[in-house]
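Q: Residue numbers (our numbering), protein chains in the order written: chain A, 1 to 297; chain B, 1 to 325.
By construction, these hints were calculated from the structure, which means they are not laboratory data. Not one of these hints is a red herring.
Derived list of chain B stretches under chain A, where covered just means 3 residues or more per stretch with a C-beta under 8 Å from a C-beta of chain A: (1) 63-74; (2) 97-103; (3) 110-119; (4) 147-158.
Which chain A residues face chain B? A few, computed with CB under 7 Å, are given here: (5) 5; (6) 9; (7) 11; (8) 15; (9) 20; (10) 117; (11) 120; (12) 122; (13) 125; (14) 126; (15) 127; (16) 295.
We treat Cβ as the ideally placed atom computed from N, Cα and C, and that holds for glycine.
Residues per chain, in single letters:
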Amino acid sequence: MAFRRLTDVLAAELVKLVRRPANWLLLAVALVLSLTFTYLVPYAGYLDGTDPAGGGTGNVPPTGPGSGGVAEAAGDGLAALLPAELVGNSIGGLPIFLGAIMLILGVLTVGGEYGWGTWKTLFTQGPSRLAGYAGKLGTLAVATLGTVLAIFVSGAAASGLVAGVEGQPVHWPSPAELAVGVGAGWLVAMMWASFGALLAVLLRGVALPVGLGLVWLLAVQNLLASLAAPLLDWVAQVQKGLPGPNAGSLVAALGAGPGTPGVEQVVGGGQAALTVAGYLVGFALLAGALLRRRDIL
Amino acid sequence: MTDIPPEPTGPPHPVETSGLSKRYGDLVAVDSLDLTVRAGEVYGFLGPNGAGKTSTLRMLLGLVRPTAGTVRLFGRPPGAPGQLDQVGALIEGPACYPYLSGRDNLRVLARYAGTPSIRIRTVLELVDLADRAGDRYASYSLGMKQRLGVAAALLKDPRLLILDEPTNGLDPAGMADMRALIRRLASAGCTVLLSSHLLGEVQQVCDRVGVVSRGRLVTESTVADLRGTASLRVLVEPLGAAEERARALLGPDRVRVVDGGLDLAVDPDQAARVNTAFVEAGLAVRELRPRERDLEQVFFELTGGTDAAGAQRSEEVGHGVPATY
Numbered sequence: 001m002a003f004r005r006l007t008d009v010l011a012a013e014l015v016k017l018v019r020r021p022a023n024w025l026l027l028a029v030a031l032v033l034s035l036t037f038t039y040l041v042p043y044a045g046y047l048d049g050t051d052p053a054g055g056g057t058g059n060v061p062p063t064g065p066g067s068g069g070v071a072e073a074a075g076d077g078l079a080a081l082l083p084a085e086l087v088g089n090s091i092g093g094l095p096i097f098l099g100a101i102m103l104i105l106g107v108l109t110v111g112g113e114y115g116w117g118t119w120k121t122l123f124t125q126g127p128s129r130l131a132g133y134a135g136k137l138g139t140l141a142v143a144t145l146g147t148v149l150a151i152f153v154s155g156a157a158a159s160g161l162v163a164g165v166e167g168q169p170v171h172w173p174s175p176a177e178l179a180v181g182v183g184a185g186w187l188v189a190m191m192w193a194s195f196g197a198l199l200a201v202l203l204r205g206v207a208l209p210v211g212l213g214l215v216w217l218l219a220v221q222n223l224l225a226s227l228a229a230p231l232l233d234w235v236a237q238v239q240k241g242l243p244g245p246n247a248g249s250l251v252a253a254l255g256a257g258p259g260t261p262g263v264e265q266v267v268g269g270g271q272a273a274l275t276v277a278g279y280l281v282g283f284a285l286l287a288g289a290l291l292r293r294r295d296i297l
Numbered sequence: 001m002t003d004i005p006p007e008p009t010g011p012p013h014p015v016e017t018s019g020l021s022k023r024y025g026d027l028v029a030v031d032s033l034d035l036t037v038r039a040g041e042v043y044g045f046l047g048p049n050g051a052g053k054t055s056t057l058r059m060l061l062g063l064v065r066p067t068a069g070t071v072r073l074f075g076r077p078p079g080a081p082g083q084l085d086q087v088g089a090l091i092e093g094p095a096c097y098p099y100l101s102g103r104d105n106l107r108v109l110a111r112y113a114g115t116p117s118i119r120i121r122t123v124l125e126l127v128d129l130a131d132r133a134g135d136r137y138a139s140y141s142l143g144m145k146q147r148l149g150v151a152a153a154l155l156k157d158p159r160l161l162i163l164d165e166p167t168n169g170l171d172p173a174g175m176a177d178m179r180a181l182i183r184r185l186a187s188a189g190c191t192v193l194l195s196s197h198l199l200g201e202v203q204q205v206c207d208r209v210g211v212v213s214r215g216r217l218v219t220e221s222t223v224a225d226l227r228g229t230a231s232l233r234v235l236v237e238p239l240g241a242a243e244e245r246a247r248a249l250l251g252p253d254r255v256r257v258v259d260g261g262l263d264l265a266v267d268p269d270q271a272a273r274v275n276t277a278f279v280e281a282g283l284a285v286r287e288l289r290p291r292e293r294d295l296e297q298v299f300f301e302l303t304g305g306t307d308a309a310g311a312q313r314s315e316e317v318g319h320g321v322p323a324t325y
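The whole structure should be built from the sequences, with the hints applied where relevant.
A: Right, dumping it as structure tokens:
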């Protein structure tokens, strides 16, 4: 009975997820960002001759979520765009840029209920608060997995196209590498989404959680990594326990280019995966406890 | 061996609260509220804005935790499995998803409620929204949103319906429809707890009324009892002699001089007797008519408006029918 209620709630949440235009906009933005900075800009640089591997004199700046940095780091712009690099290219943006989109998704999914005052409508229908929240988490799991898969698929299409146009041999990652890559990407994406959900519950809304979440993800993390950590050893040590650097370490361990913003191997891949998973569980539990305990006003 | 009388048994009331209190910091929103709503009745929960009505309803539904006291719906406390299975509610206005149609909003809520989706058509027709059910919620007028909120409350075919200001935003025809719907549901056996500050609405549909002021239940009674025994209004000359004759006839406590006439606290059936007495005493009776207090008058007497003196009056009145003479 309780399981059936849970599946009913999940089904209801999935309907809301799929029918909400803002979610499709987020997915579109994620794909456009990923393809633009992982494939389009580096490939344009390669064609323009500004890429070292393309015989030019310039560098492809580490601009984007994916392999702009890979191109620079590998010293071979074209090779970084080929299917063999699909895993690293697809998950390289998750520590920062794609992570920000996942955070917004988490905030919208949970915070919208505060904004519209719909928690009361849902909870007076009967399910417990935890059942409702579990439905939200299940929906976020589906949404983040879908987004990661879409990025992999679009990346595969883009890299296959580059290989075809350039007459390069096509070597796809093995199924096991793909599975690990998708799993790691999902883990990082879900961690940021649950962070967004926690902020939404904590601040009971949408605007402030999005704003503060993005400030942390885009500004504070970068300042810590690029400014504070090189100057202060204790900040460098603290970094090893923060969610962003661990997400960066995890994707770096799976092939994401170290020149990509947020991608740097400060801890081992295994430790990073455990830490990110720990944050995911912690964020989810804390948000659930708060939602269960606090009044729905 | 002592015989212990058996505990009274029977099905639990749809709504029972005991010593229910809610504080927000220093603000006492609800103060030791004892409320009982009996099966099958339409109970009016009356009070001015900020009196604690919505906080009480939220506590009934488990949305807000009481600071003290207990809540039982059909004998079950908030959070108990299945506590809300037979309860429908519309609290503080409708709240649905603007990007979904009315029908899709109900589909989502039916999933949450574990209700078959076939019920959706029924409730849409009940609230007269079937024609616009395919339109997006964002395009609805306030009245249509209110109807959809009531439809959502009816999804579970509830035995207890809790409605907080259900006619907000409705036009006069919509308000009449809503009252008719409430009466229809009640006649079908549904218990209705209706929170409102619209006294006419409560007067027309409710069997019993609880009046709350500043978080406290100041009275609980049937509408008829709350309005009190009707009185007689007499315009008669000379007034002094008439007052003296009336006091002799009815007793001093039943006679008041108000606005140049007499208010007599007697049943209107006594009109002929009073008239005869005045005429026999040589008094000129210009007007003699029964006067019933309406609920609004009682409400203001109980809640005392918003002034402190009024609040003091409310506390002095306490439970039961207010003394007016």
